[in-house]
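Peer 1: Please put together the full structure from these sequences, using the hints given.
Residue numbers (the numbering used here), protein chains in the order written: chain A, 562 to 789; chain B, 6 to 70; chain C, 387 to 786.
Please keep in mind that the hints were generated in silico from the structure rather than gathered at the bench. Since we're looking at a predicted model, the values are computed, not measured.
Calculated cross-link-like contacts (lysine-lysine; reagent style BS3-like; alpha-carbon spacing at most 30 angstroms): (1) 777(C) / 57(B); (2) 783(A) / 18(B); (3) 51(B) / 441(C); (4) 781(C) / 57(B); (5) 441(C) / 18(B); (6) 514(C) / 57(B).
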Amino acid sequence: MSEEVKTKEPKEPLFSKKNKKLVTDPLTDNNPVTVQVLGICSALAITVQVEQGIVMGVAVLFVLVLGNLIISLLRNLIPSRIRIIVQLVVVAALVIIVNEVLKAYMPDVSEKLSVFVGLIITNCIIMGRFEAFAMANKPWPSIMDGVGNGLGYAGLLILVAVFRELFGSGTLLGIQIFGNSLPGEETGLYAMGYMNNNMMILPPMALIIVGVIIWIQRSRNKSLIETH
Amino acid sequence: MFPFDIFPMQLTKAAITDDIDGMENLGIYEVAPEDFALCEYVCTTKINIQDKIRTGLDLIADECM
Amino acid sequence: MKFLENIVHKMEPKFAKGGKLEKWHPIFESFATLAFTPAHVTSKGTHIRDGVDLKRTMIMVIVAMIPCLLFGIYNTGHWEMVAAAGDRSLDFWSNGGEKFLLGLAVVLPLIIVSYGVGLTIEFIFGMKNGHSLHEGFLVSGMLIPLIMPADVPLWMVGVATAFAVIIGKEIFGGTGMNILNVALLTRAFLFFAYPTSMSGDKVWMAGTENTAVDGFTGSTALGDLASFMSEKPVFENLAEYTNNYSFMDSLMGYIPGSIGETSVIAILIGALILIATGIGSLRIMASFTIGGYLMGLMLNGIGGNDFLMLPAHFHLVIGGFAFGAVFMATDPVTASQTATGKILYGLIGGMLAILIRVLNPAYPEGVMLAILFMNVMAPIIDHYVVQSNIKRRLKRLKTT
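Peer 2: In structure tokens form, the structure reads like this:
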């Protein structure tokens, strides 16, 4: 996605510096997961395999971009008292679309993600972006904001999933990296005594990996360290 | 080691962190730095406890008087 | 000795601020203060200080662990021989020298790996943050081999040690700041990450896989007991169990298990050293044991199956209970710090340990989980103890 954005760059005003910042910021210094620490629950639950991570990331990206667009278009029509309800309706509708599409075309992944697709509705990132950005900005910046935050979330999800799948199951996207781990017919590293780390499959390890990523990010960029 | 009904370590911690409420609650008014001499003698990390308590008392004197 | 001290003093300027080897100062200081009295002079307060400091404390704990270590090495060798012969009735004290060497070949690499990995990480963090080596790992590094099964692969120990030192300790700021006991965290990590290497009946004796006899299992007393909960227990009933593992055997430590945990006698010698030097907390050790015993009695009262009916005093001598009570629960950093808190901490910890051990067959080693859980709870216990002190003081102030 990010490459697509870059190639379109010359098209001009749509991609002014400010708009570009909306996309790039959430990828690094304002990442929704590592800096704002939103949407952690799903990041812990569904990052056991890279495939699930990618699907979940794309699903959130889709909901976030379209939702931001819709809310932004409606922003002057929504009475502020019931804005949360309107936002919820929009998210719910989009999530149901995503869920049905997944069920139709990727039944096995949909099964693994189970309830977590439905729980995108309650993902703080989405409500947070609607409330903080789309309610106050024009449609185009809102879309950019959605793309940025969605990519930031998906990127982190995939990063965590890579670690967990690689060390937890010894595979990446289902391809065996370290050799065959079936007992009795081990090849590659397994023949040398290597074993998969079951801890990586358990949710606590995802929390620790996210924590380590946050640690590395903050030690590289001191301005992110909160003082209190 | 510490004959009063006071937790010397928690009190010292409160003094180090300039936590006035904490110090008052833990009974800073009942002690003098010299009361901590024995604690200082046995302390394994060689912290100057009397000094910390003195600083804490001075801080309270500055803030509350 | 004087000669060595002179050399060290001559080297000192090189490591001081502005010196050639400034970067290595933390390492230099660690070794210098380990060997000699530090040159600090008191500036105020009491000018006479007790000779004890963190390094000396830690070394005392290691001294207290030596009986366990020696017995553990011998025991490991013994069970390796048993596994090779496939005969559990081998005499314990015959062939002593050979057994000791066999055990040493298993235990020594474990110690080297645990210290090597742990100290390297400590040094890296020490140099980065400019403080001297944290002494805490001197003890953890010795505890880790003692709570490992004999057959655990070395690389796993390395990975787990690295994990425990970085995630369990350095993240929180090093020695004195950690919430969880580092050695136990290492074991817990291995237990959850590589369950097949940390439990079951294959790992407790080095070389079980090469046994000469079919059907020989290297299960531990606890493993056999836990099988009372399953469909087909190893023993028909409790009497048969006590025939196999008598109370005396368990007390002396002639049973398979983690390297250092089997002999309660060796652990008690260590406990005496810790208590006599005032380093280990008698309150925690005693209340932990009492808690475990009470829970054992309570479960006896409930009854139901043979594991629940196991006499309470057996619980105190099998598995890691004694070792946990003496060396793990008493860790001054992660335990409660107030006197009342320590008693509560020990009682609840001991009860939980037996409760987990008996009621959850998947986790026979409940002591580890119970102590880790209590580590997390310790600050809360302390908080309430301190709050009650504060309330008492306010009341006193009101009445006067």
